[in-house]
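We have chain A already, so just place chains B and C on it with the hints.
As a plain string of letters, each chain reads:
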Amino acid sequence: MTAQASWPTNTWYVACSSDEVTDKPLGRQICGQRMVFYRTRNEKIAVLDDMCPHRGAPLSLGHVNDEGDLVCGYHGMVMNCDGNCKSMPGQRVSAFPGITAYPVEERFGFIWVWPGEADKADSDLIPKFNFFDDPEWAYGGGLYHINCNYKLMVDNLMDLTHETYVHATSIGQPEIEDEAPDSFKDGDTVVTRRTMESIKAPPFWQNALKFNDLEPTADVDRWQISRFTPPSHIMINVGVAIAGKGGFDAPADQKASSVVVDFITPESETSIWYFWGMARNFKPNDQELTDKIREGQGQIFSEDLEMLEAQQQNLIDNPGRQLLKLNIDGGGVLARRMIDKMLKQEASAS
Amino acid sequence: MTAQASWPTNTWYVACSSDEVTDKPLGRQICGQRMVFYRTRNEKIAVLDDMCPHRGAPLSLGHVNDEGDLVCGYHGMVMNCDGNCKSMPGQRVSAFPGITAYPVEERFGFIWVWPGEADKADSDLIPKFNFFDDPEWAYGGGLYHINCNYKLMVDNLMDLTHETYVHATSIGQPEIEDEAPDSFKDGDTVVTRRTMESIKAPPFWQNALKFNDLEPTADVDRWQISRFTPPSHIMINVGVAIAGKGGFDAPADQKASSVVVDFITPESETSIWYFWGMARNFKPNDQELTDKIREGQGQIFSEDLEMLEAQQQNLIDNPGRQLLKLNIDGGGVLARRMIDKMLKQEASAS
Amino acid sequence: MTAQASWPTNTWYVACSSDEVTDKPLGRQICGQRMVFYRTRNEKIAVLDDMCPHRGAPLSLGHVNDEGDLVCGYHGMVMNCDGNCKSMPGQRVSAFPGITAYPVEERFGFIWVWPGEADKADSDLIPKFNFFDDPEWAYGGGLYHINCNYKLMVDNLMDLTHETYVHATSIGQPEIEDEAPDSFKDGDTVVTRRTMESIKAPPFWQNALKFNDLEPTADVDRWQISRFTPPSHIMINVGVAIAGKGGFDAPADQKASSVVVDFITPESETSIWYFWGMARNFKPNDQELTDKIREGQGQIFSEDLEMLEAQQQNLIDNPGRQLLKLNIDGGGVLARRMIDKMLKQEASAS
Numbered sequence: 000m001t002a003q004a005s006w007p008t009n010t011w012y013v014a015c016s017s018d019e020v021t022d023k024p025l026g027r028q029i030c031g032q033r034m035v036f037y038r039t040r041n042e043k044i045a046v047l048d049d050m051c052p053h054r055g056a057p058l059s060l061g062h063v064n065d066e067g068d069l070v071c072g073y074h075g076m077v078m079n080c081d082g083n084c085k086s087m088p089g090q091r092v093s094a095f096p097g098i099t100a101y102p103v104e105e106r107f108g109f110i111w112v113w114p115g116e117a118d119k120a121d122s123d124l125i126p127k128f129n130f131f132d133d134p135e136w137a138y139g140g141g142l143y144h145i146n147c148n149y150k151l152m153v154d155n156l157m158d159l160t161h162e163t164y165v166h167a168t169s170i171g172q173p174e175i176e177d178e179a180p181d182s183f184k185d186g187d188t189v190v191t192r193r194t195m196e197s198i199k200a201p202p203f204w205q206n207a208l209k210f211n212d213l214e215p216t217a218d219v220d221r222w223q224i225s226r227f228t229p230p231s232h233i234m235i236n237v238g239v240a241i242a243g244k245g246g247f248d249a250p251a252d253q254k255a256s257s258v259v260v261d262f263i264t265p266e267s268e269t270s271i272w273y274f275w276g277m278a279r280n281f282k283p284n285d286q287e288l289t290d291k292i293r294e295g296q297g298q299i300f301s302e303d304l305e306m307l308e309a310q311q312q313n314l315i316d317n318p319g320r321q322l323l324k325l326n327i328d329g330g331g332v333l334a335r336r337m338i339d340k341m342l343k344q345e346a347s348a349s
Numbered sequence: 000m001t002a003q004a005s006w007p008t009n010t011w012y013v014a015c016s017s018d019e020v021t022d023k024p025l026g027r028q029i030c031g032q033r034m035v036f037y038r039t040r041n042e043k044i045a046v047l048d049d050m051c052p053h054r055g056a057p058l059s060l061g062h063v064n065d066e067g068d069l070v071c072g073y074h075g076m077v078m079n080c081d082g083n084c085k086s087m088p089g090q091r092v093s094a095f096p097g098i099t100a101y102p103v104e105e106r107f108g109f110i111w112v113w114p115g116e117a118d119k120a121d122s123d124l125i126p127k128f129n130f131f132d133d134p135e136w137a138y139g140g141g142l143y144h145i146n147c148n149y150k151l152m153v154d155n156l157m158d159l160t161h162e163t164y165v166h167a168t169s170i171g172q173p174e175i176e177d178e179a180p181d182s183f184k185d186g187d188t189v190v191t192r193r194t195m196e197s198i199k200a201p202p203f204w205q206n207a208l209k210f211n212d213l214e215p216t217a218d219v220d221r222w223q224i225s226r227f228t229p230p231s232h233i234m235i236n237v238g239v240a241i242a243g244k245g246g247f248d249a250p251a252d253q254k255a256s257s258v259v260v261d262f263i264t265p266e267s268e269t270s271i272w273y274f275w276g277m278a279r280n281f282k283p284n285d286q287e288l289t290d291k292i293r294e295g296q297g298q299i300f301s302e303d304l305e306m307l308e309a310q311q312q313n314l315i316d317n318p319g320r321q322l323l324k325l326n327i328d329g330g331g332v333l334a335r336r337m338i339d340k341m342l343k344q345e346a347s348a349s
Numbered sequence: 000m001t002a003q004a005s006w007p008t009n010t011w012y013v014a015c016s017s018d019e020v021t022d023k024p025l026g027r028q029i030c031g032q033r034m035v036f037y038r039t040r041n042e043k044i045a046v047l048d049d050m051c052p053h054r055g056a057p058l059s060l061g062h063v064n065d066e067g068d069l070v071c072g073y074h075g076m077v078m079n080c081d082g083n084c085k086s087m088p089g090q091r092v093s094a095f096p097g098i099t100a101y102p103v104e105e106r107f108g109f110i111w112v113w114p115g116e117a118d119k120a121d122s123d124l125i126p127k128f129n130f131f132d133d134p135e136w137a138y139g140g141g142l143y144h145i146n147c148n149y150k151l152m153v154d155n156l157m158d159l160t161h162e163t164y165v166h167a168t169s170i171g172q173p174e175i176e177d178e179a180p181d182s183f184k185d186g187d188t189v190v191t192r193r194t195m196e197s198i199k200a201p202p203f204w205q206n207a208l209k210f211n212d213l214e215p216t217a218d219v220d221r222w223q224i225s226r227f228t229p230p231s232h233i234m235i236n237v238g239v240a241i242a243g244k245g246g247f248d249a250p251a252d253q254k255a256s257s258v259v260v261d262f263i264t265p266e267s268e269t270s271i272w273y274f275w276g277m278a279r280n281f282k283p284n285d286q287e288l289t290d291k292i293r294e295g296q297g298q299i300f301s302e303d304l305e306m307l308e309a310q311q312q313n314l315i316d317n318p319g320r321q322l323l324k325l326n327i328d329g330g331g332v333l334a335r336r337m338i339d340k341m342l343k344q345e346a347s348a349s
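Protein chains in written order, with numbering that gives the first Met the number 0: chain A, 0 to 349; chain B, 0 to 349; chain C, 0 to 349.
Any given hint could be a false lead.
No copy is singled out in the list; a pair is fine if it fits within one copy or between any two copies.
Stated by the list, open to error - When the alpha-carbon atoms are kept at most 20 Å apart in a straight line, the in silico EDC-like pairs for lysine to aspartate or glutamate are as follows: (1) Lys-85 <-> Asp-177; (2) Lys-23 <-> Glu-305; (3) Lys-23 <-> Glu-302.
Because the hints were derived from the structure by calculation, they are not lab data. In this text the structure is predicted, and so the values were computed from the model without any measurement.
Pulled out of the complex, with its shape left as it was, chain A reads as follows (with noise of 0.2 Å):
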């Protein structure tokens, strides 16, 4: 199955937030594969297949014991968290055949899971995200769960045009669409950039203005810099700095900005897990504004989620019909490229 996925396997994915994670054994299902996370001792993660030799019970429904080893909920078998059988009441398990441990590595709040070949997982592939370790900023986001495949949300995100529709009365404006975007490759990642001079601040960017003692209805010099890590991580400089001081460069009195973080993990060919959240500068220890950003993203982003699921059952309805590439699209038609260069890397060594 996976050579025919749509999704490369060799790399790193977003499967959980850390918090997520404890002893009590989460089941999640990445990149079409069932899996079951859990804390062991001193707070190391395993990730296992989500099915017992044994009768094939979920694990995700057992316990995680004194010895932080997972143990079935069915009749008791006790796995390593290398995936092998470590002991059951009244047998020998040691010829038992083992399930899959995937390579997991805890960074950044989230849990990252390797899906493909173990023997090929590094950790220094995990991408570089620093503002997430730098006590200068802080961090806010959550989960959503979208009947979509995964290269729809990166389409979305590399091409924001759609903000002026989808998100109108936030982030959008009009202004957005009259810029043609800038889409390049840069080294490993895609960028796609689009700024607008001389423009009003749409409602969201208003609030964010006023917050850091603003005036609102000024003009700015708006700015969004989406950033494409391959498979799937979009990381989008957004923000609006007094007309003239310099736009994303502008003195920090001069502007409101941050950065959208966006994670977005295959859990079928038709279904997506979306970490979202926002990265800041200012004011990282309020907790209260972190959570008062979170609800207000959380409430803009969940706009995307029926145009999202509408758009594919479009195309499952219409397996056949050629959609275009506009110039708009050039951010996510290189992301693609980008995919699609792993994924035959991926055939050819198999």
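The following block gives chains B and C in isolation, referenced to the frame of chain A:
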């Protein structure tokens, strides 16, 4: 797909009631095709494929702009009412491939759509139902979505024997099945006719007699005359007259009668849009009466849903089972034969 | 379809409890076949295909008339209890093809049906369970619908090791898995037997001891003796006796015991009707006690549902996965072997 469908496509179907279609786009699947219905300028109706040629988003999630054009709610593609791309911010769209625009007519308070070859569409082919435009007549009705093939509903309405069982407490009565119906072709229509003489009226018609200042418990002559117009429009003259006064032809003050209106439109092979209603030529301006009749009819007609959906499920699960065609099924058999002829003509033409 | 099904068909299954079947028809799918169950005159039971030979409507939506015949609720076809068309208003029905009538017996408070070849049905083949008809015994039970193959439930009941995990707070205890069970064929049945000596009783059995005026915290000998009768009937002798008094054979005033009754009937390849209950030979006339036991057992047995349905889902999603057969699975393995033999006999006969 069209060639194997159980419905003809080069013909008119009722897709919506007039008041359902406004400048807020309405998505509805008709004959297996997802369509979007909306009013452009001057109340004109347009019907397009519900799929933006840009990225496949449903156009029914968009809006109609001030010029009466449909705008995609994802990235702002503007569509002409003929299915061509009209404009898009920052794009030259003239060479873009368009989508299907369906022939459409508004008539009798309904939106009629032609799902087949547009060049064959002729508004003169919409059947005539004179009472809709006659001020002496009033009409009220509703819409049900039912999970069955449209032919099962044709059968249902061309054999009213089922009233005795399905509608036992309102319009059914044992005398119905004592009288064999008479089924025959009448030009391009099929008629099934049943008359019952010198019987007692069932509850629904007792009420109607009372309402017309006639004695509800009097002996009456009752009639049911179903007329099928292909592909799936059925008008049923129903009524009771004081016995011996001429039945269907009795003077107005000796009877209670009306026309049951049924427009059946395939959504898929196993679901329909069922537009039902009643037309009457007494007290045509009494809206309260219209509402009351609609409510009563809606309740009676809802009794068919469970049966039709369970019947459909049985047929799906037992594809090879041969069913019986009895004399009471004569009308349905003739109607299906007429449908089959249309299907055959369409198949040989393509 | 029957040939490839996972269940034998020339055998008796429990389809309903006696009180479920009245003169109001009951539709229920047994072994992949939709059947309608009803009482004709003199309380006799009849079982037919749930599909009217006229237009395919489910007969379970009809009614039983004064003569004890089943009347279709759509157009009034009257069916004999042998599946033949008896009459229909205005029709000669004698030559109409009939539908399947299934051999049926009412015994032990249950309706037994034979889904296979009627001429092979023999009521003497219904297994004997003498306590049902013994006035010294009482019975109470219920019905669960579970989305799993029937063999998974057989496995469950032939390996009670799972009590330690699934039913940890009632009948489970660690000592269960310390004792390996003993599995063997006994004539046409399979027995799995486990005894635990000089242990403490788990909560459920402590209550039972208390109820019998025995010391709940006393050392006891405990037994679990599951007996499988093909295709899927399992009776389990369970109980505890004061240690050293003879266990299963201890005198009545030194023990607490009962028989768990399990009739497992396939609905489809991935769903079952599970009739569970408990028979006891003390205070047989105490209805309040019967109700209390049923409530407690129903709660305990409901704990298996989530596990069985999740296990089934895992097996569907991983069709190629080989599962382990351990010594605790011996009873299930022998039972499946007996089922396979029946299937092989049916396949070679047809």
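Q: Would you list, in rising numerical order, the hints stated earlier that this structure does not obey?
A: No numbers; nothing is violated.
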